[in-house]
Every structure is written in C-alpha cells, then in structure tokens.
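Student: These are the residues of each chain, in order.
There are 2 protein chains.
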Amino acid sequence: MTTDQSKAPAKRDRILDAAEHLFAERGFEGVTLRQIASQAGVDVALASYHFGKKDELFTAVFQRRAGELNDRRLAALAEAKRQAMPNTVSVEAIISAFLRPLEDVQREGDSGWQHYLALIAYVNNHTYWGQRLMSSAFDQLVTEFIGALKAALPEAPNDKIYWCYHNLSGALTLTLARTGRIDRLSEGACRSDDYQSAYDQMIPFMAAGFYSVCKA
Amino acid sequence: MTTDQSKAPAKRDRILDAAEHLFAERGFEGVTLRQIASQAGVDVALASYHFGKKDELFTAVFQRRAGELNDRRLAALAEAKRQAMPNTVSVEAIISAFLRPLEDVQREGDSGWQHYLALIAYVNNHTYWGQRLMSSAFDQLVTEFIGALKAALPEAPNDKIYWCYHNLSGALTLTLARTGRIDRLSEGACRSDDYQSAYDQMIPFMAAGFYSVCKA
DNA sequence: GTCTATACCGTGATAGAC
DNA sequence: GTCTATCACGGTATAGAC
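Residue numbers (the working numbering), protein chains in the order written: chain A, 1 to 216; chain X, 1001 to 1216.
It should be emphasised that the hints constitute simulated quantities derived from the structure, not laboratory data.
Just so we're clear, the structure is a prediction, and the values are computed from it rather than from any experiment.
What you were told as hints is all true, and nothing was included just to trick you.
Here are the simulated DSS-like cross-link-like pairs (lysine-lysine), alpha carbons at most 30 Å apart as the crow flies:
id, chain 1, residue 1, chain 2, residue 2
1, X, Lys1150, X, Lys1081
2, X, Lys1160, A, Lys150
3, X, Lys1054, A, Lys54
4, A, Lys54, X, Lys1053
5, A, Lys150, X, Lys1215
6, X, Lys1215, A, Lys215
7, A, Lys53, X, Lys1054
Taking the hints into account, I'd like the entire structure generated from these sequences.
Tutor: Here it is as structure tokens:
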C-alpha cells in the first residue's frame, strides 16, 4: 500500500507510452503486444492485465490525452472570445484557437504528445478507428468550434461550414502525420516538422477559404 | 497456349482487384494473403507466384492505376491551358484540373477506382508507405501542377506554394478516405460520399487560400 | 492487487513438392 | 500453375510469485 502505489502506475504508464509511440508510428495492426511490452520493459501479459484486449489498449491510449487537449483548445477559444468582446470572434482567431494548442504541446517538447498527435492523424483517416474513436473524443469540442464559426459567419449555409471544417481537419491531419512528403516535394524548402510555419500559413489560408465559401 | 492465355491474366487481375479492395479498407497489415486469395477465388500461393512478397503485391496494386490517373490529370491541365490561352491558367482552373479527374472516375462508377482512391488516402497519410510510394508515383505530376501554380502566382514565395499544396493535398486525402465523420458531425447535412459537393466547395476554398497566402 | 513465466492454439507468409 | 507443409509469430489465458 506504500511502494506499490508509486510503482504500479509507473509500469502501467510505461505501457501506455510505448503503445502510443508504436501505434502512432505503425498503426494498430503494425504493432504487436510483445513489441509494446518490450519497449516498456515489462512482461507481455501485463498489458492484458491492465487494459484487456489489444483494441482496448488502443482505445485507452487514444482517450488518455483527449481530455487535456480539449481543455486547452476550449481555454484558447474562451480567451479569444474574451479578447474580442464585445464583438464576435473572427474566423482567424477561432482557427488559431483550434491550432495553437497543438503548437504549444509540440513546442513544449514532450515526445508523448508528438506521438499522440500523430496517432490522431492515424485515427482520423482510418475508417474503422475513426468511426469508433473520433466522435466520442472530439465531437463535443468540434461542435463548440463550429458554433463559434457560425456566429462569425452568420450568412453561411449550414453545410458549407462543415465542408470548410472538413478542409481544415484534413490539412491539419496531414500536418500531424509528418510524412516528410513536403520535404521531398519542395526539395527542402519546407519541413514536415516545422509546425510553426505550418500553422502560420494555415490560419490565413483556411480563414480565406471559409470567407470565400461561406458568403451567403 | 490457347485457354491459358485468356485465363491466366484474369486470375492475376482478380488478385490485384481483391488486394486493392481489401488494402484500401483495412490497410497493409490488416489484410492477409489468404483473404485476398479467397476474395479473388484463387489459391493462396498464386499471389506470391505472380507478385512475390506481400509488400511487392501492395506496391503493384498502388502503381497499377497511377499512370492512368496521371494521364487524366495532365490532360485536364493541358485542356485548361488551352482554354486560357493566351493568358496563364487561373488558380481555380489548375485546382479543378487536379480534382475533376477524380470526380470523373468516381462518377464512372468503377468500384476498382473507388478503392484505389481510398488506397491513395491510406498511403499518403502513412509514414512508411507514403515515403516509399508517393514520390515515385506522383511527384512528377505534382511538380507539373506546382509549376502551373507558380506561373499563376508569380509573386508567391517558393515555400508558400508548397504549404498551400500541402493543405490541398490533406483536405483531398481526408475526402478520399471517406471516413463518414462529416456525416456524423453535420448530422446528415453533408455526406462523405458526396464527391461533387466536396469538390464544388473545395475548388473556391483552396483557390482563396492560395491567393491569400501567396500574395507577395 | 501487481506482475512474470509460460503454454496454448490459431493463423500467417512462404518455400518446395507436384 | 497449384497444393501442401513448415515454421515462426500473434493474441491471450492461466498459474503462481512477490
């Protein structure tokens, strides 16, 4: 009841960390429980003991950081609203509140977050996992942002707002996936891991897209 | 020498078709050669006989339609240039030439193409496969389109063009993945399989983004 | 309760016989 | 071209150590 309490969570967390890292890099089927256990320095069976089946471990990894990410984004949105008062928030500020918390955790340098963001990219583009995990983890948050966008673009047709968000989500997903493709295409002029440039251009790009598509 | 010649290619193609379908739905590791062989109605070992190892089969599937897709897009770009003469092509027309051939093969209703486009989405977001397959299959084509974009936006900084293309590529990739997320988020107002709406809004959206980011 | 060692049994890719 | 055998590896259950 004394040392156990400080030791037990350590291994449990190491399993989550290792799983997060490997799932993000190679996907669900590309990783074995043995690889996860090996990287975590624990026995194979411990993952099953703590989390049950492999897909339950995957779900646990995905949900672990979702709450904190939502909190950070909501705080950024609230701050943007506060700064805009008494006016409504601009599209740029809303998109910025959506993206900057990602840049923050990336700049903070915690490699766990790096892997987690790549995992979001994997899940968001995946038919099976996307359907199972994205909605429960993020729909409430996204609905909040969509609401702000509707307020900023009062004349926008309802479906257009969602398509525009879809464009933003897709571009962001490819950014988080860090495939290195832009590095090769641009012959080094752009780098996949240069998040700051990615967001700096993405915010005005997406805002212009929203304005263009959502006018009446 | 008579019936064999008409029968052998049929099985070979059926393997490619089945592999295309299953790889697109479940990814590389999510599919077994037995499932592919079963769906193709052939023996397990025939895939190895024709294509070698599993990853070589995957590569063969990916490359099979790449050439035709490139041809269609290049033809669309050439036609846009022809129509614009003697002026340079507009950003909208370039993006349209990039997207409309996809809509064409989708409307033609060949399910093989549907699966192939989903496979592109899988590969483009995948660290390992993206690095191995995207460049050899599509870099030449993309460079052609980037060149047209640079001509349409002569003042654009070099790196900005690539980041803008990255945004376009990401949004398109999520569209091709058809995860159904937009259906749930929008509560039915938008549908993942409504390609025409997707492209109709994507073209002005992306064009506005390019103009906004690439001015001087 | 936390953790390890081990065994089970199905399934996979692939080589080699036919 | 096809069928079969091989052999490694996967997820997971269980028994018991700490």
